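Here the structure of chain A is known, so what remains is to put chains B, C and D in place on it, guided by the hints.
Number of protein chains: 4
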Amino acid sequence: MVKVGVIGCGTIGNAAHLPAYTKNPRAELAYVCDIIPERAQKAAGEYGGKAVTDYREVLADPQVSAVSVCTPNNTHSTITVAALDAGKNVLCEKPAARCYADALVMQEAQRRSAKTLNIGVVNRFNTAVNVIKKLIDTGELGNIYHVYVSFRAHRSIPGLGGAFTTKEIAGGGVLIDWGVHYLDLAMYCLGDPEPKTVSSQAYSVLGRPMEDYSFLGMWAGPPDYSGTYDVEDFVTGLIRTGGPTISLNGAWAQNIGVSDTYIDFLGDKAGVRLVYGQNFKLYTAKGGALFESTPEFAASDMFYDEIDSFLGCVENGGKTPANIDYAIRTSRIMQAIYDSSDAKKEVIL
Amino acid sequence: MVKVGVIGCGTIGNAAHLPAYTKNPRAELAYVCDIIPERAQKAAGEYGGKAVTDYREVLADPQVSAVSVCTPNNTHSTITVAALDAGKNVLCEKPAARCYADALVMQEAQRRSAKTLNIGVVNRFNTAVNVIKKLIDTGELGNIYHVYVSFRAHRSIPGLGGAFTTKEIAGGGVLIDWGVHYLDLAMYCLGDPEPKTVSSQAYSVLGRPMEDYSFLGMWAGPPDYSGTYDVEDFVTGLIRTGGPTISLNGAWAQNIGVSDTYIDFLGDKAGVRLVYGQNFKLYTAKGGALFESTPEFAASDMFYDEIDSFLGCVENGGKTPANIDYAIRTSRIMQAIYDSSDAKKEVIL
Amino acid sequence: MVKVGVIGCGTIGNAAHLPAYTKNPRAELAYVCDIIPERAQKAAGEYGGKAVTDYREVLADPQVSAVSVCTPNNTHSTITVAALDAGKNVLCEKPAARCYADALVMQEAQRRSAKTLNIGVVNRFNTAVNVIKKLIDTGELGNIYHVYVSFRAHRSIPGLGGAFTTKEIAGGGVLIDWGVHYLDLAMYCLGDPEPKTVSSQAYSVLGRPMEDYSFLGMWAGPPDYSGTYDVEDFVTGLIRTGGPTISLNGAWAQNIGVSDTYIDFLGDKAGVRLVYGQNFKLYTAKGGALFESTPEFAASDMFYDEIDSFLGCVENGGKTPANIDYAIRTSRIMQAIYDSSDAKKEVIL
Amino acid sequence: MVKVGVIGCGTIGNAAHLPAYTKNPRAELAYVCDIIPERAQKAAGEYGGKAVTDYREVLADPQVSAVSVCTPNNTHSTITVAALDAGKNVLCEKPAARCYADALVMQEAQRRSAKTLNIGVVNRFNTAVNVIKKLIDTGELGNIYHVYVSFRAHRSIPGLGGAFTTKEIAGGGVLIDWGVHYLDLAMYCLGDPEPKTVSSQAYSVLGRPMEDYSFLGMWAGPPDYSGTYDVEDFVTGLIRTGGPTISLNGAWAQNIGVSDTYIDFLGDKAGVRLVYGQNFKLYTAKGGALFESTPEFAASDMFYDEIDSFLGCVENGGKTPANIDYAIRTSRIMQAIYDSSDAKKEVIL
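Residue numbers (the numbering used here), protein chains in the order written: chain A, 33 to 381; chain B, 33 to 381; chain C, 33 to 381; chain D, 33 to 381.
Everything labelled a hint here was simulated from the structure, so no lab data went into it. Predicted, not measured: the structure shown is a model, and the values here were computed from it. Among the hints, erroneous ones may be present.
Which copy is meant is left open, because identical chains are indistinguishable; a pair holds if it fits in one copy or across any two.
Unchecked claim - Computed cross-link-like contacts, DSS-like style, restricted to lysine-lysine with a CA-CA straight-line distance of at most 30 Å:
(1) 318 / 351
(2) 166 / 313
(3) 228 / 166
(4) 301 / 376
(5) 301 / 199
(6) 351 / 166
(7) 318 / 74
(8) 377 / 301
Chain A extracted, bound-state conformation:
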């Protein structure tokens, strides 16, 4: 039985980690930790475990062998490194860190500790994504030459003025919040090819005059007009890799009233359009005819599988697709996107 502590009892802790540990027979939830005491107590009431407010109390308990880090992005690196140095295995929520340098520090701490460090790149456990990866790996798509990543919504800035929109805390906006999922998913399916060049531009436009931002609903809301908005709500970019090129457009908000949230894999034999969080279509040509195919499969619970595979690492070691060594390539690309935007020219990696 793995004794576990969950550090950070906010949205993702409650939506994913806490229920997944509770359901898993090989885990025992020993601690629920949040600097807001009410949150910790509420989680303890709902899922069990001791409610604490200082994560160091969790790390000090020698019985605890694994922790989930579900705190805001700016604390990922500090807590993860402390946990690894305390001999704990760590599952840290995505993004690994606010910046690539911090992610490297985390990877180094993992090397030092020889414990497991997984990142919460949960789409690597999504069933549709894994079906696509298998199609690619078995050559069904032929050579993939380009991937187009579109994560654009009409109005979807989260918690305007709060942690999500404050660079100091989140490290960025729509790229680090949504783009990380899309890019990581694409990288995973492609076998994590080496990034070569990145040219991109990020814009902080629609949310910046906060009181002028019109919206119909707000997740992680409501708006805090006394807060900060200094992150990007639109990003565009072109990435060359050792494999295909990847182009991307992403918007938390835009004055185009459609949701274009999909990833296109363009292969010379076939192609795939995956609508994010939904199903995909496969396009092929055979015998002079063009085919559009819709797959059917039994989808498993990706959060359960993420946690379960982490527990497997804790018990038996080994590397899952969520291992820091794979996930860090996505961090590197994300950093290059921000760097290229700042420099207003292409970054060569």
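Chains B, C and D in isolation, oriented as in the chain A frame:
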């Protein structure tokens, strides 16, 4: 009355130039010229004028004051320069030339001759496009920070193996054939901002093994399997300008079974999605509500207007939006796209 | 916590007031009152509170600080005045009273008591209506010169022979039942301009020979052929105000088989057609094109907001758009419509 | 054979009078007259007759027994009176005159001359209109208590800046141009009841800043921005008659993107909605069911019938529905509409 010669009686000559001159009261069609004698005779029978096979015969007639150049891309520069040097006003079909260097030579010949040189960037006379331009010019969209240009079709390679797919003749594939229209249209609406950097990649994939190319129909067809296919059928890119960034994805063919043929103008006050060749939608926000607006307008015949404004230049001089000095910026961007693709890195202009 | 009594447990009480108080955390439903004991008991069973049949019992309880008056129109004035004089805050259903004189008596009682008197002009809390009002207030429509109000149905006389169709009880027919909503909504959006002249004519036609009235369904039905039908089922009128003119046509029933239920705001910059109870369209012209715009917004529950803003007045005072001082202008117009119809000539206010 | 002169060879002369006389076996077109010589000659070339520029030349010919007056509204009265005094029978285009006083002068001249004076109220010869009139006359609709007249278009100002929009010439705008047809048609069907009161308001709004007027097309165009626009483009009103009330809304242009061009006859037994220039629907109720009926009939050419019945009067005397004595009631109402608008209060007739 302006005496006119039309050089090249292929698709665009018959679809646009010949009927437009015939309908226009200030033009008289004096020559129809094509190196294929049957084509020239057919045009003469239908529209009038003397049928000739050598364009130099047209240029030698001192009565002729204007010519349309509707020949394949590789001859644009030679014929246009000869016509200008012979003292003719020229309307040359798009693209200006196969490459930017040739376009510069044409511009220089125009300077030398002091005659008019217009390029067939016909969307600059499209009513919907001009409504959008007016919305932008009057500030309705606010500051435009990004334009996304998508000219992607499932299967639409023209005349496989023929002039369209032979680099020596056409200069390129989907970018020079379709992309020129989309990019030029965007540049026009934005007021032709100075290009700064271009990073892009072009791919010649689906048409290359010509006999394996599956398709349902073919314009400018049928396929000539003994011909050449050495142009790109997919292109991706990111352009920084003195104004907004522009990102693009274009496909004559792709293994994604949808047509995404639109241009998005993202402004901080409003946005526009123009479906190419059709209508557009305007997206705004007022009083806490989000609005999707559909315009209604009287659309004029853009080919007629293109020809009529050219005749106006012949009679009275002046510069229309089709003038080489404006259209050449699009040529420069197109060249940079091909150059960046060859170099596999960003080009700084 | 505001202790509340709901007086009158008929259609509007059950559909709006009782559930809204129950859902609201700052209200406690202390009494449900109806002269029909079964109705009061049914409401008590469903929503809580003590079931009584005499409203004076509610008014006598010093703990009760607010009452909703949901009884037939002819009792609005008496109960409201008694409630105010007993020191209660009052939300009285629309119309304020059967006639303007009674509404004035109610306003006077409010002045005397210094308590809140709101009228159930619930459209003033409708989201679409408030978006329109904001568009008008910010000048988007320019100068509004005319409003056309059409509340015409093919067959929709309610409860033929009952309270709705008996002048002694209801005060009138389609004007006082439907017209009040449409006119009040228009007046609200226009900023309650001063009425100047009213010319109108009301007709009691299709329902009068009660047994001859053909219909497909009847709300507040079924017909009581032994009852009374002496109210108008059609009304037409023209109102001049300090702002725009307003023309109206209304029919509970007509031998025209269409439903024309909309309000047109004609401005010199833009116009709005609001389909009653649904969405609106905004019509503008820009850059030579005409635009039809459809808004999207998050609609709140107007009955909840009406009740909640009333509770706000009970706790903190203040005037909402439902205050008697605003709503009484609509009463004055309605009275003038009936007066002009009786006199068969224009009334000057 | 009736020798005829057509005075005024503009839109209505060419569209209606000239071809109708030409087709009619009992008429001979002797003169075509227009102060613009080219117009007169063009008409003479097309329809025959002698081309003259001075209508007095037509009146001086004793062989001519009938004239059509198709000149701008401001000359109707002068020419008609001169023609009658010269012993000619007259068919004068609608409206009878720019104002009621002028129409009375025309009626007086008719009395004096004992010749026929018909007005071009051509809908009185429209087949659908006459079917409706018969339904009313035979009691199918029962007692008609209200008529709603809607002549509203999104964008349809004719010849902006020209004769149609200059009060000095036309006498008014949408009311005198379109409203006259709608009102006259309604009056005709109702048996020309005595008008009692008129309250109305006219607005000159959308066309007034001429260069700002957006439109998709323009009949009687193109715009003359150096001309005059001082007529109403919107009018609303309420008329009481010895029979039903009539309410009206009319717009040459409005910021509401629909065309509401219909007339509703509300009877206590049945009702009719006539879409102007098209067919009508009849709404009845029988045996507990509601019926919507669409009539079918052979429509005759109303312009031919108008002219033919005028020729009948010339040959045999008698009064048709177009007789000045009937048509003048519409003139009186129109005058009262303008007067009430100027006075901003109801006019009692």
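Results for each hint:
1. 318 / 351: between (38 Å within a copy, 26 Å between copies)
2. 166 / 313: Answer is both; intra-copy 14 Å and inter-copy 23 Å each pass.
3. 228 / 166: Classified as within: same-chain Cα gap 25 Å, cross-chain 41 Å, threshold 30 Å.
4. 301 / 376: Between copies only: 24 Å across, 36 Å inside.
5. 301 / 199: For residue 301 and residue 199, the Cα distance is within 30 Å only across copies (24 Å; inside one copy 42 Å).
6. 351 / 166: Within. Shortest intra-copy distance 18 Å satisfies the 30 Å Cα cut-off; inter-copy 45 Å does not.
7. 318 / 74: Answer is neither; intra-copy 57 Å and inter-copy 40 Å both fail.
8. 377 / 301: Classified as between: cross-chain Cα gap 27 Å, same-chain 34 Å, threshold 30 Å.
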